[in-house]
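Protein chains: 2
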Amino acid sequence: MTSSIASFADWMKQVQSTMEEALGASLPSDATVPARLHEAMRYAVLNGGKRVRPLLVFAAGDLFDADAASLQRAAAALEMIHAYSLVHDDMPCMDDDALRRGKPTVHVKYDEATALLVGDALQSQAFVVLSEGVAEGEGQATRRLAMLRLLAQASGSAGMCGGQAIDLASIGLALSLGELEHMHQLKTGALLRASVLLGALAGKTLSDAEIAALDAYSVAIGLAFQVVDDVLDATADSATLGKTAGKDAADNKPTYVSILGLAESKALADKLRDDAHRALMPFGEKARRLREIADLIVQRKA
Amino acid sequence: MTSSIASFADWMKQVQSTMEEALGASLPSDATVPARLHEAMRYAVLNGGKRVRPLLVFAAGDLFDADAASLQRAAAALEMIHAYSLVHDDMPCMDDDALRRGKPTVHVKYDEATALLVGDALQSQAFVVLSEGVAEGEGQATRRLAMLRLLAQASGSAGMCGGQAIDLASIGLALSLGELEHMHQLKTGALLRASVLLGALAGKTLSDAEIAALDAYSVAIGLAFQVVDDVLDATADSATLGKTAGKDAADNKPTYVSILGLAESKALADKLRDDAHRALMPFGEKARRLREIADLIVQRKA
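Which chain is which? The protein sequence lines are A and B, in order.
Note that UniProt numbering has the first sequence beginning at 1, numbered continuously upward.
Note that UniProt numbering has the second sequence beginning at 1, numbered continuously upward.
Treat the hints loosely; a few may be bogus.
[As the list claims (entries may be wrong)] With the C-beta cut set under 7 Å, the calculated list includes, among others, these residues of chain B facing chain A:
#	residue
1	Ala152
2	Leu168
3	Gly172
[Claimed, not checked] Think about it this way: if two alpha-carbon atoms lie no more than 27 Å apart in a straight line, the pair counts; the simulated DSSO-like pairs of lysine-lysine are:
#	chain 1	residue 1	chain 2	residue 2
4	B	Lys13	B	Lys103
5	B	Lys266	B	Lys253
6	B	Lys109	A	Lys253
7	A	Lys301	A	Lys50
8	B	Lys253	A	Lys109
9	B	Lys50	B	Lys103
Hint data in this document are derived by calculation from the structure and do not stem from the laboratory.
None of the values given here were measured: they were computed from a predicted structure.
Don't be surprised by glycine CBs; every beta carbon is placed ideally from N, CA and C.
Please model the entire structure based on the sequences and the hints provided.
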């Protein structure tokens, strides 16, 4: 058990270091005009975050032995979409946050106009990266197109942006548990699901049964991720989190903790981890990393 | 000559009306949750604009007899990227404009957070639309991937967003003519070039010579478009333009008129139209609509 946990930690470190390099190479150099925009794009993406989405991409890639180059592209694209959403989400007209990953947010370090353009350009760059480097053969191109379509759908108004719109509209409202789950399934769940599916799709075209199993896993870890976020927001301090703690309560935003209470929220997170494990059963030993990520999401302290 | 001009006007009206329908069908319904976001996305895209980019897509599609469905997708994607850039560009932290196409801008009619999300979601939706509906058959998927890559590159920091960053950084500076042209080639030229290339690519894979000819045409009309914009900004009134006139001068932004003067700017626009016509010579009669668009860009009054 100890050796298995150690090996997951090593695997995670290796993916994170691979991705730091891949992201650095996928972003325009800060010596290229417009230099300030490029510097700010790199600031927003590099040296930060747990890289949960890339970890999911690589873990799902194990299922069907996907090649490393395709996985790196998918993971870089997803991380750019995620980073852009954080930059825009932190802006004064949205959450108005000054601290992210323990550093000043982009609009604080640069300015609002730059933050707006950084987010816009990072979204474009995600699609640049994912549309490049397709191996010869119409089958490869068809699979890559499916990956691009999934990423775009998960990012837009039927996914992440839609969830943020619902989140904005819900401040001060007493959401039901079902409404809260729907919001999070769009706001964070859609991109986590896309990470799992893109990683698997980098290996082969998926059957309906495979998609259904991966969807069940994704829904479970997506909700678990949010439940744990709410628990940490209510219990941890800003220094540990690397962002302003207790902000949701201060903003009067509905959370799992405010609806279910702390103990029941923790119990829900454990149940969702079990759901995630169960969904992976058809994939056997090859789903090991996906199982370990579900554990990580529930056990994390920041 | 009169009948040729009349027939161009008819063709233009037909493309515009086709695109109004195609855009309406390509955007989520405002009855779908999140309804306010979807309503605002439709407000930003529908019933407005000259649809210059779709006109270029359809005109370039004529060169190689591209099918109408592919052209509609490409044109809708380009128009969504264009519309999102206007929404973000109008926001208080950028140009802070209250009027666009004779109507209140999105952040005025809705709010800033919604305007931010409208732009973000429209960019995603552009890639959704362009990644869907690929026909079976050798080369179709590969060609569509090339179109997606071009659109993403033209939208990001090497294209439109990069041009906006340079534009922002140049307020109050005395740009040289070369620096001004570089800024506009990125800010508006990149998307016009993508319109021409996507329309042509919807018909067939392009040779290097064909790309070079279409690039020469695109550079000429892109600069002509901007020169005429500057002339109109200096000479027309807000009611005719449907946006705030004289704003560039008030903001102390460098323009062709401020650098070259009015008469020389008008002469430059005429020269650029001739350049555009010359670049199209290899395509013969099939380039008729592209020629007429160059004329339209230089002769327009708003």
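Outcome of the hint check:
Residue-level restraint check for Ala152(B) holds (minimum Cβ-Cβ distance to chain A is 4 Å; threshold 7 Å). Annotation: interface hint on Leu168(B) holds; nearest CB of chain A at approximately 6 Å, less than 7 Å. About 14 Å separates the beta-carbon of Gly172(B) from the nearest beta-carbon of chain A, more than 7 Å, and the hint is not met. For the hint pairing Lys13(B) with Lys103(B), the CA-to-CA distance comes to about 21 Å; that is within 27 Å, so the pair holds.
Restraint check: the Cα-Cα separation between Lys266(B) and Lys253(B) comes to about 19 Å, which is no more than 27 Å; the hinted pair holds. Taking the CA atoms of Lys109(B) and Lys253(A), the gap is near 25 Å; set against the 27 Å cutoff, the hint holds. Among the hinted pairs, Lys301(A) with Lys50(A) is consistent with the structure: their alpha-carbon atoms are about 12 Å apart, no more than 27 Å. Pair hint Lys253(B) plus Lys109(A) holds up; C-alpha atoms about 25 Å apart against a cutoff of 27 Å.
Between Lys50(B) and Lys103(B) the alpha-carbon distance is near 15 Å, which keeps this suggested pair within the 27 Å criterion.
Violated hint for the displayed structure: number 3, the only one.
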